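In the order they appear, the protein sequences are chains P and Y. Heads up: the first sequence runs through residues 17 to 217, numbered per the working numbering. Heads up: the second sequence runs through residues 17 to 217, numbered per the working numbering.
It is worth saying that the hints were derived from the structure and are not from the lab. All values derive from a computational prediction rather than experimental measurement. All residues carry an ideal CB built from backbone N, CA and C; glycine is no exception. Misleading hints may appear alongside valid ones.
Claimed, not checked - Some chain P residues near chain Y, calculated using beta-carbon distances under 10 Å:
1. Thr64
2. Pro68
3. Glu136
4. Ile186
5. Met191
There are 2 protein chains.
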Amino acid sequence: MTSPIDFYFDFSSPYGYLATARVEEVAAKHGRAVSWRPTLLGIAFQKTGQSPLISQPVRGPYFKHDLERMARDYAIPFVWPENFPFHSVAASRAFYWLDDQDSALAVRFARHVFQNYWGEGRDVAKPQQLADATCDALGIDADAMLTALADSAVKDRLRAEVDQALAKGIFGSPMFDVDGELFWGCDKFGEIDRWLATGGW
Amino acid sequence: MTSPIDFYFDFSSPYGYLATARVEEVAAKHGRAVSWRPTLLGIAFQKTGQSPLISQPVRGPYFKHDLERMARDYAIPFVWPENFPFHSVAASRAFYWLDDQDSALAVRFARHVFQNYWGEGRDVAKPQQLADATCDALGIDADAMLTALADSAVKDRLRAEVDQALAKGIFGSPMFDVDGELFWGCDKFGEIDRWLATGGW
Numbered sequence: 017m018t019s020p021i022d023f024y025f026d027f028s029s030p031y032g033y034l035a036t037a038r039v040e041e042v043a044a045k046h047g048r049a050v051s052w053r054p055t056l057l058g059i060a061f062q063k064t065g066q067s068p069l070i071s072q073p074v075r076g077p078y079f080k081h082d083l084e085r086m087a088r089d090y091a092i093p094f095v096w097p098e099n100f101p102f103h104s105v106a107a108s109r110a111f112y113w114l115d116d117q118d119s120a121l122a123v124r125f126a127r128h129v130f131q132n133y134w135g136e137g138r139d140v141a142k143p144q145q146l147a148d149a150t151c152d153a154l155g156i157d158a159d160a161m162l163t164a165l166a167d168s169a170v171k172d173r174l175r176a177e178v179d180q181a182l183a184k185g186i187f188g189s190p191m192f193d194v195d196g197e198l199f200w201g202c203d204k205f206g207e208i209d210r211w212l213a214t215g216g217w
Numbered sequence: 017m018t019s020p021i022d023f024y025f026d027f028s029s030p031y032g033y034l035a036t037a038r039v040e041e042v043a044a045k046h047g048r049a050v051s052w053r054p055t056l057l058g059i060a061f062q063k064t065g066q067s068p069l070i071s072q073p074v075r076g077p078y079f080k081h082d083l084e085r086m087a088r089d090y091a092i093p094f095v096w097p098e099n100f101p102f103h104s105v106a107a108s109r110a111f112y113w114l115d116d117q118d119s120a121l122a123v124r125f126a127r128h129v130f131q132n133y134w135g136e137g138r139d140v141a142k143p144q145q146l147a148d149a150t151c152d153a154l155g156i157d158a159d160a161m162l163t164a165l166a167d168s169a170v171k172d173r174l175r176a177e178v179d180q181a182l183a184k185g186i187f188g189s190p191m192f193d194v195d196g197e198l199f200w201g202c203d204k205f206g207e208i209d210r211w212l213a214t215g216g217w
């Protein structure tokens, strides 16, 4: 089977950022492409009663420590942005707007957003901040992006993606859909690797 | 360093059961002993606002599937007991009562409880059920165990262990303390293995 691995994440999710350092490598090892699917976890949290991990009592300090430990292990830059969590709706809308034109550019955009926010702590929440952080660097027309972000068709596009993710049972970031099997968390990369190598069990 | 790995779990936790299939092997590979520390997650849940994973909306079906998938991967028997979740206070008190006499027997007892409950679905919640399931099989004096389970000193012993676990930040099952570093979940075995191999990062 050669269907792509669906990679679900929220731009505001630190574990989602960590996953970007590993997901392509694991997929490519088994001849798989990766379909990047940003979603809005806040909407899932309303259904699950959850909240951002690092804001939770008792659990928060563990996840903060775990994230910093994993970022060192992954050897990627990692900071705690001042505006955490941020409302990732603009970044997610821009992603799908780009994805419908050039999916490779959309992935470069996603990596750039993550790098700016989680690697450098730069605020990319508002449309203008997002355009400033990404358009010149990636050769995207800033006026076109800002217009698109206010377009109801672009808003509907994201809403449909979020609904599809919810319908599939996506409740966290990162989550991976490997031939219909869901895996939650960067800690699953080893298991996904074996699943792809063996065809599952 | 040769300090033991503290292994925290709740007898009512399916992931805690899965962990018993791997924890000794990972520790022994690096010359480490394992200190088994049953605790009561219900008390941690009051502080964290969490509930048993498989009871949670949206998340529950994922964790149920994940557990069954991992049990096949670990090649251990796994069933869904009718009385889930069960109040694991009697099993936990009995564990520490045994641990103070013979720590190897306490580990055999813990494995036996897990095997009865998660491997066969046998109800081991009440003291008499617990004694029936374990004492003859392990050569434990059933009358002595039943007397101990009602002893205030034995109750205090468990309460102190639960308090210590909470103070350390234990909020889930399994959790592992490796030289002061906490790791949550069976999915961390690979990372723990590398941590012990390298001395950490």
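With a cut-off of 10 Å, does the beta carbon of Glu136(P) approach a beta carbon of chain Y closely enough for the hint to hold? violated (22 Å)
Under 10 Å, Cβ to Cβ, is where Met191(P) needs to be relative to chain Y, so tell me if that hint holds or is violated. holds (8 Å)
Does Ile186(P) meet its interface restraint, that is, does its C-beta lie within less than 10 Å of any C-beta in chain Y? holds (9 Å)
The hint names Pro68(P) as touching chain Y; please verify it with the least Cβ-Cβ distance against 10 Å. The hint is violated - Pro68(P) has no Cβ within 10 Å of chain Y, the shortest such distance being about 13 Å.
Interface hint outcome for Thr64(P) [beta carbon to chain Y under 10 Å]: Status holds, d = 5 Å.
Hint check: violations occur at hints 2, 3; the rest are consistent with the structure.
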